[in-house]
Structures are given as structure tokens and as C-alpha cells.
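Enquirer: Heads up: the sequence lines are chains A and B, in that order.
Residue 1 is where the first sequence starts when you use this note's numbering, and the numbers rise one by one after that.
Residue 1001 is where the second sequence starts when you use this note's numbering, and the numbers rise one by one after that.
Misleading hints may appear alongside valid ones.
[Unchecked claim] Residues of chain A placed beyond 12 Å of chain B at every Cβ, according to the derived structure: (1) Asp2; (2) Arg61; (3) Glu66; (4) Leu147; (5) Ile284; (6) Pro353; (7) Ala434.
[To be verified] In silico DSS-like links for lysine-lysine, alpha-carbon gap of 27 Å or less: (8) B/Lys1049 <-> A/Lys414; (9) A/Lys380 <-> B/Lys1003; (10) B/Lys1049 <-> A/Lys459; (11) A/Lys139 <-> A/Lys414; (12) B/Lys1003 <-> B/Lys1025; (13) A/Lys459 <-> A/Lys380; (14) A/Lys335 <-> B/Lys1025; (15) A/Lys345 <-> A/Lys335; (16) B/Lys1049 <-> A/Lys380; (17) A/Lys345 <-> B/Lys1025; (18) A/Lys414 <-> B/Lys1003; (19) A/Lys236 <-> A/Lys328.
If you are wondering where the hints come from, they were derived from the structure by calculation, not from laboratory data.
Yeah, the Cβ is synthetic: ideal placement off N, Cα and C, and Gly gets one too.
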Amino acid sequence: MDLYRLTLHELRDLIRRGEVSPVEAVRSYLARIDALDARVQAFNCVTGEAALRAAERYQARQVVREALPPLAGIPIAIKDVICTRGVTTTCSSRILEHFVPPYNATVMDRLHAAGAVLLGKTSMDEFAMGSSTENSAFKKTRNPWNLECVPGGSSGGSAAAVAADMCAGALGTDTGGSIRQPGGFCGIAALKPTYGRVSRYGLVAFASSLDQIGPLAKDLRDAAILLGAIAGHDPKDSTSADLPVPDYEAALGGGLRGVKIGIPAEYFVAGMDPEVEAAVREAIATMEGLGAIRVPVRLPHTQYAIATYYLVATAEASSNLGRYDGVKYGYRTEKSEHLIDMYMKTRGEGFGPEVKRRIMLGTYALSAGYYDAYYLKALKVRTLIRQDFTEAFQRCDVIVTPTSPTPAFRFGEKVDDPLQMYLADVFTISANLAGVPGISVNCGFTTAGLPVGLQIIGKPFDECAILNAAHAYEQATPWRTRRPDL
Amino acid sequence: MAKITRAEVEHVARLARLALSEDEKERMTAQLDAILGYMDTLNVLDTTKVEPTTTVIPMVTVLREDRVQPCLEREEALANAPDREDVFFRVPRIIEDWRETDRERDSDGDRDSPVGNS
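Given these sequences and hints, build the entire structure.
Expert: In C-alpha cells form, the structure reads like this:
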């Protein structure tokens, strides 16, 4: 049996019953990475030795029938923006190329406590800024469904690793769609939780009022299990919500009968790929066939979301990235005359083009004379976008839209036109501005064989509703059984 | 009309402590101009009566007892430093830097007279 083919929950159940050992599971995935990653390029680093040692410890306990933690021996991949003690955390940036964190992010501690085993750190757009993973300083991560296409971004490495069965599940981060958009491009289940649901302690900050960590998974049950393992209050992140964590896996299976699905006209616009639109409309019909009630809703400020986002996110980024000064950690320029010169050269040499562009845009929007016209204006429009969702959710339980207006695009197609790249996030950004949770689930393929993502957005802290709705759809359709031909 | 000039790009780059090559300044001016032009779409909205949203969660001041807790060992905290001396992070001279900055600013001043506390 090819263990790497199994879902996380299937592997978990086999290990729990003692039918598969943690070492076998880890070896299977490491062999898969060995065979494929030279082509897919999903990993920035693979921690094979440490993974095997951890698996051996669980195996020793399994042999003597000792009780194991729920995810004992489950091999997972972590986006390279989440701090892992003793394992390089580069953010796919030259400026952090050799950074070895002295501590773990809270999500990492929680996954370790649940028994999961770290396989490696995954590729991404530098500092999570991008929608194609082309902004990595190190490598070109490919879409497993078509190696000439991007995997999406910024969590492109995590999405590609899951889609290519190079891990049982992965974590990514989502500031404007960076979990859901690559999830959609790679045909997997990908969840951005409500802002505050998961601790951000140890996540290298991009835009602190928008960033959220979440799972990229082979199916919805796996996504529910991973969310349950990482969610909850953390005293080290005062923005993490002090609310009970429901049993997300137990919440699956409720079906769609009587569930009101809101369809916003603003998400079905001219310029959308016709095959994407057809697949999404068919998915909505399938959900209706399962008993869901279709309700038209309005999100009238959708067209302002991208401008709002790229002002808010870059302003926060310009402040957050001020810490890379070449003093305490990270790259420092070889030659500098004095301190300010050292800062400027370090940052000029250490950051890539998109990161520089966003620092510049954010600094400009916050600078004297422009603050009110750009930054404050964007904060006010953010209020309007948030109110759209509050009002829409008075009429429906979940909102259903495409994840992206197009399937995965080819390398280089948008890289020279930053504005075109920003527009790729048009359907995912609003959920971050409003702080609400969203899922991408595969809803079919284009004639060229590329996956299409269906997005399901929920009320704040109602991850159960979107997991359940997406799971009901997933179980009623054949898409999850198809795998890329690698 | 251009939203942003090359001189403004240079000014913002100094504020952001970002050294840009001549080529980068050129590209950045054109790209930021296009992006800022797009941002103008927000101006059709009347937001005079709208409160800004800085965060989607209720902000409360989080307090804890003032108790000593475990923290990073000094060696761990220094381990990633690009340059160090003994138990310190080492950086280029700062006093000299002040002198340089003042000289640049004061174009009429006597360039040979010391300005910093030397």
C-alpha cells in the first residue's frame, strides 16, 4: 500500500489501530518527496532525520500499546513563515536565509503536542507577498496538475505538497487569500479561519490585522482535524480569541438540508473565466440538489476590496518589516559606511522586488500629507466591506463564490504587472478585511485539466458551518478522488 | 497627472531605509504611479460619516501579573546576530553617522568643524 496516498484521517486511524507504524508513514512520505520534489519544488527544506527520530519514539510507544496522542506520527509540512525551533525559517527571503528561530510558533507546539511530525518547511512568496509563489528568492514552485503553471500563492509550497501527496497535511497563512487561492489552484481543501481563531505567536508578521494561520488538506475532514489541533486562545497572542474550540470533526456530516447559501451577484462578474463560472454554478446547483436553499445576497463594496486591502496590508507590512535592520538576526550588507547606510544597503540587498514595492507603497500611504487620503480612507472603506458581510449574513448561513476568477496561470504571465497580480485576489480579500472564515474546496476541472476552487465563507467563529457545507458538497462529488499524474 | 514623482520615490525610500538602484527608482515610480491611480477608485465613496476599522476584534487591554517568567537564554538571543562582540550586538559607528547626517543637511556649514560629541 502506498501510504502517502491516504488522507490524514485514514492514516491516523491505521496508526491508532496499530496497523501502520509512524516510521512507515514518515518513510513513505520522505520517499515521495525524494521522488517528486526535484520537479515540484514545494519544500525549502526537508527535515527527514528529525522526522524519523520523532516517528521512532512514537513507534516505540505504539509497540508497547501505550496511549498515543491523536496525530501520533502524522507527517505534516509547515509554510516557511512559521517559526520552528532549530529549523531554518526563511520566509523565502534572502534577508532571513540563515535564520534559525530559538522558539516554536504556538501552532507548532500544538501540532507537536498532538503527535504530528514535521517533514519540512514549504516554499512561498517572499514574506507571503504574492499570489503565485514566483516571488520566492530561492525557487520556482510548480503546480502538480501542470508543471508549467503556478501553484498560486503565497502558500504555494504547502498547497503543492498536499496536492502531490508529499505530506499528509500542511499549514499555510492567509492575509488576502494565500491559503484559499493556492488551495483552489491545486485542487485541495484549504481553510482560512476567523481572525483570532488561531494564535499568530511565532508567525512572522506581514499584516497583523489580516494574517491568519490555517490548514491545507487532502479533504475536508483532514482540514477539520488540523484546525482543531491548532485553534484556541493563546496568552502569547492577545488577538487570539478566548472562546471554546468546538469539535470540528464531529460537526461534519450535518448535510445541507435547509442550509441557506447566499450567492452574491458581485462575485459573478465580466472577465471571469467561463469554465470557472460554469463549474461554480454547477456546484451551487449540486448544493441545492442536496437540500440547500439558494438566497441572493449583496456585497456592494466588493469592487473596492483590492484597493482597500493593498493600502491596509502594505501600511502594516511597512511597519512590521522595519525590524529587518541587519542587527539582531538576518542578512547584513558586506560594506557600509555608517549605521543608516548599513540599514539601507542591508534592506536594499536583502528584500526582493515585490517586498520593496509593498514597503514603499505602505510607507507612502502612512507618510505625512498622504495618511488621510490613502490609509485612513482605506480603514473607513474596510468598515463598509465588513458591514456588507454583517448584513448579508442576516439572510443566509454561508456565502458561496468562486475562489478565484481564473484557474492557475502560467509562469511569468502576471509577474511584470503587479496590479494584474493583485487582481487575482479579488474574491478572497474581502474575507480578510471582514475577519470572517473561508474555505476553498475543489469543484471540478477545466478542459485543460486544472482544478477550480469553490469558496464558502462563514460567519465569524462559525467554522463548523463552512466545514460542514464544504464536506457535504465534497462527499457528493467525485473530484477529490482525482490525483495529478506525476 | 502623475500620482508620484521620482523625487517622492527617493524621499519615501529614505523614510523606509531602503537603498534603491537608479533602475529600481525608475521602475518603482512607474509601478507605484499605476497602483496609486487604481487606489483612487476609493474616492467615489463618501466616507465622512464612517468610522475607520483598524481591527475586527474588540480591543481590550490585556494585563498579567508582573511575575518573572522563563525567557530566552542570552546565547540563544545572540545566536542569529550577523555581528557580535562578547555579549553585545555589534553595529557600525553611530556617532560618526550623526556627523555625516548633519553635514549633508547643513550645506552652508563649515564642513571641517566637528558637530558630534567627539
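Enquirer: Which numbered hints are broken by the structure, listed smallest first?
Expert: As far as the earlier hints go, 6, 7, 8 are violated by this structure, in ascending order.
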